[in-house]
Amino acid sequence: MKIAIASGKGGTGKTTVATNLADSLALSGMNVRLLDCDTEEPNVHLFFDIDETERRVVSMPIPKLLPDKCTGCGTCGDVCRFSAIVNIGKMTIIHPGMCHGCTACWELCPEKALEISNKPLGELISGEADGLSITYGKLDIGEMSGNRIIQAVKAKADSGCLNIIDAPPGTSCPVVETLGEMDFVLLAAEPTPFGLANLRSIVELVERLSVPMGIVINRSTPEEDGIIESFAKSRGIDILGKIPLDRKIAELYSAGEVFSRQMPEYRGFFLDLFSKIERVVSR
Amino acid sequence: MKQIVVTGGKGGCGKTTVAASLAYLAGEWVISDCDVDSPNLGIIARPEIIESKSFEGNAFMIDSAYCEHCGLCIRKCAFGAIRDDFTIDPFLCESCGFCAEICPAKAIVEKKTEIGNWRIGNSRFGPFLDAYLQPGAENSGKLVTLLREKAIEIAEETHAEGILIDGPPGVGCPVIASIAGADLAVAVAEPTVSSIHDVRRIIELTSTLRTPVALIINKGDLSADKTAEIKAFANSAEIPVIGELPYEKLANKAQSSMKTLAEFAPNSDFAIEMKKSWNTIRKLIGIEK
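Going down the list, the sequences are from chains A and B.
Note that our numbering has the first sequence beginning at 1, numbered continuously upward.
Note that our numbering has the second sequence beginning at 1, numbered continuously upward.
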């Protein structure tokens with residue numbers, strides 16, 4: 001099973017939910033993989049003492065010019081929609097940073113004057129921590145998109161395990177890349193006007209992807225929760241749990257602790273959250 | 001005319017809270033919300049919209065009347081975006097157009113579709129711009145660049161002293177588009193392991209882009225240890241810490257009443273510290289001595 005933790009807004013508690021859910025289930029004896037797909041700002045690994053088992057570079061194919069073969073016909077620049085190849089007169093200039101790796105330029109070059117070279121985008125790191133198997137990706141600074149690293153992280157999902165996937169914030173391409181082929185999306189929502197606005201966007205996206213979803217309210221207070229509850233009700237989405245606004249939780253998070261380790265009374269909460277998700281998925 | 005971008009790497013670290021208070025303190029700057037995924041500054045600024053335009057992208061479609069099911073497009077698509085039933089998955093398609101180039105039956109057509117919109121309005125802080133990109137759409141960097149170009153036009157027309165940009169989270173394409181060429185990046189960091197990790201990456205990015213950067217610590221009183229860690233890091237990297245904002249209980253109340261904290265609680269420690277930060281920013285960008 002694959003469960004993604006997502007939210008339209010950053011900082012609503014995705015990583016808190018993902019790490020505590022994974023840790024509580026692993027402690028209960030389940031085989032769990034925790035995959036961090038926020039390659040721009042991966043945080044999951046900060047909460048565990050990881051024994052690294054793998055670290056490798058993730059790269060993408062980009063064109064490389066063979067100047068002896070190029071006749072300056074300009075086909076490559078014409079077919080490239082990303083301004084990654086520009087032809088000035090007979091000169092061909094490649095901007096690797098703009099390339100999406102669509103392959104059109106080298107496939108369509110009549111002279112076979114472009115060959116494929118690999119450009120590093122970032123790293124994929126895997127390891128073990130306290131019975132959990134963890135993988136995360138890290139986009140190199142200055143690179144535009146972590147989508148290919150996200151694919152590599154997701155490829156570590158194991159159908160024999162429970163896979164918990166921490167998604168990037170927002171609703172744009174890296175989030176879509178992450179949420180493909182999930183069995184369930186758990187949305188971490190904050191009971192504020194900003195939190196509601198961004199919850200709407202992610203709900204719209206998950207509806208279009210036709211994946212079942214549920215909400216966990218983070219920093220919940222009885223006075224503020226109504227803003228999320230009435231929205232959830234109007235969209236027919238279940239609220240599966242609430243994590244209260246509690247300074248102790250914030251302080252443990254701040255120090256890089258999985259808070260349910262220090263507050264074991266919450267382990268049951270996360271086990272219960274999982275059994276609710278399991279019921280929806282098996283339906 | 002100066003451009004300041006509020007950034008931080010981590011989502012929820014307080015970028016919009018800080019940007020909103022700066023917008024209020026700046027007075028008649030052009031305000032541009034460049035978080036096109038989650039544009040929240042408008043909730044506080046409540047602009048009166050004077051212009052709204054659509055943002056278009058290219059979508060590709062297979063015309064079943066012409067498709068001969070040869071499968072070339074499926075084999076050649078680098079993004080796996082063409083399904084076995086010869087339809088295109090709009091989420092996976094990156095609109096490279098390669099399939100349309102190679103289709104022997106010329107069955108793949110390109111259509112312009114609306115993938116978002118951008119707006120210009122007037123707010124109590126000054127001219128206001130924001131944009132919204134539809135969930136899953138491509139080209140967020142392009143939309144950010146477009147907003148910044150429009151903001152410059154408006155700032156020139158109104159003779160504004162500067163442009164204040166509220167940036168998106170992360171370090172990828174829209175973040176690069178929001179920071180490149182700014183006079184100062186104000187990076188907001190919280191005293192948490194996550195935020196410290198993320199802001200270090202933002203500072204790596206600002207240095208790659210050669211954008212001067214200053215730090216504001218938000219919720220500094222949450223952890224004395226981690227606040228000290230941020231300061232030590234800033235000190236070794238020679239980055240000025242221009243404010244240390246306390247955790248403000250009224251933050252949610254201010255947001256619920258659609259006001260900046262500087263307006264809602266002008267005598268709070270938060271508002272006083274924010275004012276000091278703004279004065280430091282003015283010195284850093286050279287509009288005040």
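Keep in mind that the hints are not guaranteed to be accurate.
Unchecked claim - Cross-link-like lysine-lysine pairs, in silico, BS3-like; alpha carbons within 27 Å at most: (1) A:K248 to B:K253; (2) B:K289 to A:K248; (3) A:K242 to B:K249; (4) A:K69 to A:K112; (5) B:K259 to B:K249; (6) B:K2 to B:K275; (7) B:K253 to A:K233; (8) A:K156 to B:K289; (9) B:K275 to B:K289; (10) B:K142 to A:K248; (11) B:K253 to A:K64.
Because the hints were derived from the structure by calculation, they are not lab data.
The model shown is predicted, which means the values in this text are computed figures rather than measured ones.
Comparing the hints with the structure gives:
The suggested pairing of A:K248 with B:K253 holds, with an alpha-carbon distance near 21 Å, which does not exceed 27 Å. For the proposed pair B:K289 and A:K248, the alpha carbon gap of about 43 Å is over 27 Å, so the pair is violated. Restraint check for A:K242 and B:K249: the C-alpha separation of about 20 Å stays at or below 27 Å, so the hint holds. At most 27 Å may separate the alpha-carbon atoms for a hinted pair to count; A:K69 and A:K112 meet this at roughly 7 Å.
Of the supplied pair hints, the one linking B:K259 and B:K249 holds, its CA atoms being roughly 14 Å apart against a limit of 27 Å. Of the supplied pair hints, the one linking B:K2 and B:K275 holds, its CA atoms being roughly 18 Å apart against a limit of 27 Å. In summary, the hint linking B:K253 to A:K233 is supported, as the alpha carbons are separated by about 24 Å, within the 27 Å threshold. Among the hinted pairs, A:K156 with B:K289 is inconsistent with the structure: their alpha-carbon atoms are about 55 Å apart, more than 27 Å.
Proximity of B:K275 to B:K289 is assessed by CA-CA distance (about 16 Å); at most 27 Å being required, the pair is judged to hold. Between B:K142 and A:K248 the CA atoms are separated by roughly 42 Å; this puts the pair beyond 27 Å, and the hint is violated. The straight-line distance between the Cα atoms of B:K253 and A:K64 is roughly 56 Å, outside the 27 Å bound, and the hint therefore fails.
Of the numbered hints stated above, those contradicted by the structure are hints 2, 8, 10 and 11, listed in ascending order.
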